[in-house]
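K.L.:
Single-letter residue listing:
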Amino acid sequence: MTVNERTRSPIPDSLVPTSGEFVFATAQYESGDWDSAPLVPANLIDSVAKYTSLPVAPTGAIVALASDDLFRFPLVFLTGHLPVRFTDAEGANVRRFADRGGMLFVDDHNHDIDGAFHKTAVEELTRAVGPLSQLPNTHPIYSTFFKFSDGPPNTSHELNGWGDNLVHSHLLAAMRGNRIAVLYSNKDYSSEWGYHPDNKRFLAIDNTKFGVNVIVYALTR
Amino acid sequence: MRPLERVMRTRRALAATIATRAVLGAVATVLLTAAFLTTTLRAFGVATSSVWLVADVAGAVALAILARPWARLTVPRVALWIEERVPALQYALVTAVDPVGTASAAFLEREIDQVSWDREAARAMMRGLRWPALAAVGGLGALLLSVRVRTGSAAEHDRAIPSVIATPARDVSAPFARLAATVRSPAYAGGQVVRVESPASIGALVGSTVILEAPGSGEGVTVDAEDQPIPVQRAGAAWRTAVTVGARPTVIRLRQGSVERLVALEPRPDSVPIVRLLFPTRDTVVRAARGVLRLSAEAHDDIGLATAAFEYIVSSGEGESFKFKSGTLGARRIDAGRDATIGASLGLDQLALKPGDIVHLRAVARDGNNVSGPGAGASETRVLRVARAGEYDSIAVEAAPPSEGDKSAISQRMLIMLTEALEKRRPTLARETLLSESRQIARDETRLRKRVGDIIFQRLGNNPTGEEGRNPDDAPASDSTVPASDSARAALLRAASAATGNRDEILDFEGDETPVVAINRPLLEAYNAMWEAGRELEQGETGRALPPMRRALAAIQRARQAERIYLRGKPPAVVVDLARVRLTGKDHGAANTRLPRRPMDPAAARRAERLAAAIELASRNPAAAIDSIVLLRVESLDAAPQLGAALSDALAAMRSGRDATASLARARRIADGGVRDVGGVGAWSGVW
Chain A
52 MTVNERTRSP IPDSLVPTSG EFVFATAQYE SGDWDSAPLV PANLIDSVAK
102 YTSLPVAPTG AIVALASDDL FRFPLVFLTG HLPVRFTDAE GANVRRFADR
152 GGMLFVDDHN HDIDGAFHKT AVEELTRAVG PLSQLPNTHP IYSTFFKFSD
202 GPPNTSHELN GWGDNLVHSH LLAAMRGNRI AVLYSNKDYS SEWGYHPDNK
252 RFLAIDNTKF GVNVIVYALT R
Chain B
31 MRPLERVMRT RRALAATIAT RAVLGAVATV LLTAAFLTTT LRAFGVATSS
81 VWLVADVAGA VALAILARPW ARLTVPRVAL WIEERVPALQ YALVTAVDPV
131 GTASAAFLER EIDQVSWDRE AARAMMRGLR WPALAAVGGL GALLLSVRVR
181 TGSAAEHDRA IPSVIATPAR DVSAPFARLA ATVRSPAYAG GQVVRVESPA
231 SIGALVGSTV ILEAPGSGEG VTVDAEDQPI PVQRAGAAWR TAVTVGARPT
281 VIRLRQGSVE RLVALEPRPD SVPIVRLLFP TRDTVVRAAR GVLRLSAEAH
331 DDIGLATAAF EYIVSSGEGE SFKFKSGTLG ARRIDAGRDA TIGASLGLDQ
381 LALKPGDIVH LRAVARDGNN VSGPGAGASE TRVLRVARAG EYDSIAVEAA
431 PPSEGDKSAI SQRMLIMLTE ALEKRRPTLA RETLLSESRQ IARDETRLRK
481 RVGDIIFQRL GNNPTGEEGR NPDDAPASDS TVPASDSARA ALLRAASAAT
531 GNRDEILDFE GDETPVVAIN RPLLEAYNAM WEAGRELEQG ETGRALPPMR
581 RALAAIQRAR QAERIYLRGK PPAVVVDLAR VRLTGKDHGA ANTRLPRRPM
631 DPAAARRAER LAAAIELASR NPAAAIDSIV LLRVESLDAA PQLGAALSDA
681 LAAMRSGRDA TASLARARRI ADGGVRDVGG VGAWSGVW
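In order, the protein sequences belong to chains A and B.
For the first sequence, this note's numbering assigns the number 272 to the last residue and increments by one with no breaks.
For the second sequence, this note's numbering assigns the number 718 to the last residue and increments by one with no breaks.
Honestly, the hints are just simulated from the structure, not real lab data.
Just so you know, not all the hints are guaranteed correct.
The following residues of chain B were derived to be distant from chain A, with all beta-carbon distances above 12 angstroms [claimed, not checked]:
# : residue
1 : T69
2 : R160
3 : A165
4 : G221
5 : I241
6 : R455
7 : G573
Label-pair ranges, simulated between beta-carbon atoms [stated by the list, open to error]:
#  : chain 1 : residue 1 : chain 2 : residue 2 : range
8  : A       : P191      : B       : D379      : 51 to 57 angstroms
9  : B       : N400      : A       : D165      : 25 to 31 angstroms
10 : B       : L71       : A       : M226      : 42 to 48 angstroms
11 : A       : D165      : B       : D369      : 32 to 38 angstroms
12 : A       : P187      : B       : G703      : 28 to 34 angstroms
13 : B       : D254      : A       : P187      : 31 to 37 angstroms
14 : A       : P191      : B       : D369      : 45 to 51 angstroms
15 : B       : D379      : A       : D165      : 24 to 30 angstroms
16 : A       : S207      : B       : D257      : 49 to 55 angstroms
17 : A       : P187      : B       : P310      : 43 to 49 angstroms
18 : A       : M226      : B       : E646      : 40 to 46 angstroms
19 : A       : D165      : B       : V315      : 24 to 30 angstroms
Cβ coordinates follow ideal geometry from the N, Cα and C atoms, glycine included.
Between the sequences and the hints, there should be enough to build the whole structure, so can you do that?
P.N.:
What follows is the structure, encoded as structure tokens:
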């Protein structure tokens, strides 16, 4: 894709959410590797279908951050390893998206607090929607469907000491009123959830349950 | 030249002068009016959109007035005008041009011929043009000045310069009637000092110092801000107190006995610098990172820049393994200038970039704010990527060979149309003519067939010219013992056989044919049909040639459709089988109860109630109402800026004694606005 080119919507008509069906959307931005976690959408869709009765589309959609299609989705997932630099159009769209009730879920695929993704994404998000602050572990997002008494569930990458060798106790968030507009994770859920949903049966505990909470929270707030 | 002719010449010059003067006068009027109106309207803060309309009307009026002398340019009047400037004529000219005539005309002409008035007339005309020209120049200067005044007035509202709204002394209680404020902006912003009597509201940069002072002993005077006491000091015959403008709006309360006075402090934020990367202008992919990349950027700040530099991040790796290194280039100190341009060179060789590495470049500028900053602004990021060896991206440009002559071929569809037209004319044509035209089509058909054969040969890995090895227009090879048609067909079949490795069943493509043959099948079919059509056309049998020609066209179409090769495959998409997933689901979780939205933000509701109370109070105690609204405004500046702005208008109206009903009504509408209870929570509809 040409940088600075106005991105056309890659969303097929069948995935445009018009029938009240939840469509999991992945943000496509012009810098970095936005498509680094291609299996996360399917995995979370599988979990939403498994645990909830929400009407959900069987495949995710990819939405350009600079396009007006962004506003068709209540929740947009953004991930990557490389430095994130929003174009002016992307930054303005993220701000409008947050102001108009959307929720952007950003996950650092590097699980590295000193990494380029973290530094640049936090900087860009701060510029677009305001400063990110620690989300209390008693926030309703941790109990909106499944209960996570200790806050965000840890990932195997954290427990194995990869990345920044930290277990991040909190997620970060930018609020609009009492609603989360941007949820930011250093925990690398992109790696944790990046497997084919059929392989979920090999896990003793489904590690995507928190993803269900994020989706349910975004749809009900 | 006779006197009348000389007068007529002067009359024409005068007419031109009058016209020029009228135009210059009109231009001067337009410019002066525009300058005056622009300056005046800006001073009162009124929009200047209709300035030019008014100025044009004034100019038209001036043009009409200044052009009026044109109508009075009769010959006697012109003669008199000349006589006034040249007394030596002794009224001979007026007499000579008199239409009644005179007996001594010849004598008068001789007298007049001895006098020349051209120089005096020209001088008088230039004098007539001087003032309008000066006025036009002056108008232009005034207009330019008014534009400059606009810049000046904008500068007055510069963030670095504090602004103070004063309260009329008559509205202030006695102990604080002579209260004065001295506001000093922070040192990094130039330390401008503004002093004002009887301040009500002070807008200044964060970190500015505000000194409030009044004559008197200060006995019993207490000052606090947000319930924090501020010390009051004696200074000669006066008392003073000093506060620093913080990041949040604050109200300073001054009390003495039962008398209270409020002064609002409104912090003005210092904007971060605006940075624009001028070069490189766009993202780039390079095959090999060598040489030097020139960087250029410009930065602007509302108060003053301190530093500017380029930042780069080099990311290497792929998949889950990435490494980063970063650095700065071209760092430059800027001594409080508002605008700056920076440049640097990035040596790509020094970065030792490998295929797949990405260089992220941007310019960053920081302002000199050492109080609440520094504020940092950054440009958009440009990306320079080194292409990987195996990826499809290619920046290589291969020069195309010059086009060969006589390569044009008429399409099969066009040949069919020509043949159909010839078939229609067939009954009217002589045999020789029919044969001649039919063979021409046959030659075109052969040329096209040769092109199709070339494509097939290329596909099968043979020499493109291997079908016949000669132009169809050439004479047949005399030493050939095999007919050309047979040799070509045999070559095709041999090539197909070599490609498929199935010598015995080369013509039976229905079985396990290879992809090469499968792709070439329609072309082979077209090739055969074209061969057959060409043979019929050579004999002038246009009617019998048409069916194989149409078969050839259909086969070419099929081949074309089969040629749609997608170089980039779609990524594998996982489609969740929702029905299967839901049928096997066991853990149902525990959903929370959804709560409906609250009818209104409680803080907004409180603001609306307080505003209503203040409006209620306004009729009974205006001063108290103003204080209430000041407090409400200060608290609204952060949480509800729109309400703050509306309250500011209302306060301005109330303080100046104007009718504040409209402003208060607007403020009430804003305060009452917000999210309302819609009577329940609906399902997510997907459409906003």
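K.L.:
According to the definition I'm using, a residue is off the interface if its beta carbon is farther than 12 angstroms from all beta carbons of the partner; does A165 (chain B) meet that for chain A?
P.N.:
47 angstroms, holds
K.L.:
So does L71 (chain B) sit 42 to 48 angstroms from M226 (chain A), Cβ to Cβ?
P.N.:
Given a distance of about 43 angstroms, which is inside 42 to 48 angstroms, the answer is holds.
K.L.:
For the pair P191 (chain A) and D379 (chain B), does the Cβ-Cβ distance stay inside 51 to 57 angstroms?
P.N.:
55 angstroms, holds
K.L.:
Does the Cβ pair P191 (chain A), D369 (chain B) satisfy 45 to 51 angstroms?
P.N.:
48 angstroms, holds
K.L.:
If we take the beta carbon of R455 (chain B), is the closest beta carbon in chain A still more than 12 angstroms away?
P.N.:
51 angstroms, holds
K.L.:
Holds or violated: the 40 to 46 angstroms window for the beta-carbon distance between M226 (chain A) and E646 (chain B)?
P.N.:
Violated - the Cβ-Cβ distance for M226 (chain A) and E646 (chain B), about 34 angstroms, lies outside 40 to 46 angstroms.
K.L.:
With 12 angstroms as the threshold, tell me whether R160 (chain B) passes as away from chain A on beta-carbon distances.
P.N.:
The claim stands: R160 (chain B) keeps its Cβ more than 12 angstroms from every Cβ of chain A (closest is about 55 angstroms).
K.L.:
If I take the minimum Cβ distance from G221 (chain B) to any residue of chain A, is it greater than 12 angstroms?
P.N.:
30 angstroms, holds
K.L.:
Please check whether D254 (chain B) and P187 (chain A) have a Cβ separation lying inside 31 to 37 angstroms.
P.N.:
33 angstroms, holds
K.L.:
Honestly, do S207 (chain A) and D257 (chain B) meet the 49 to 55 angstroms range at C-beta?
P.N.:
The hint (49 to 55 angstroms, Cβ to Cβ) holds, given that S207 (chain A) and D257 (chain B) are roughly 51 angstroms apart.
K.L.:
May I ask you to test the hint 43 to 49 angstroms on the CB atoms belonging to P187 (chain A) and P310 (chain B)?
P.N.:
44 angstroms, holds
K.L.:
Hey, does I241 (chain B) actually stay past 12 angstroms from chain A on C-beta?
P.N.:
33 angstroms, holds
Figure legend: structure checked against the earlier numbered hints; the only hint not met is number 18.
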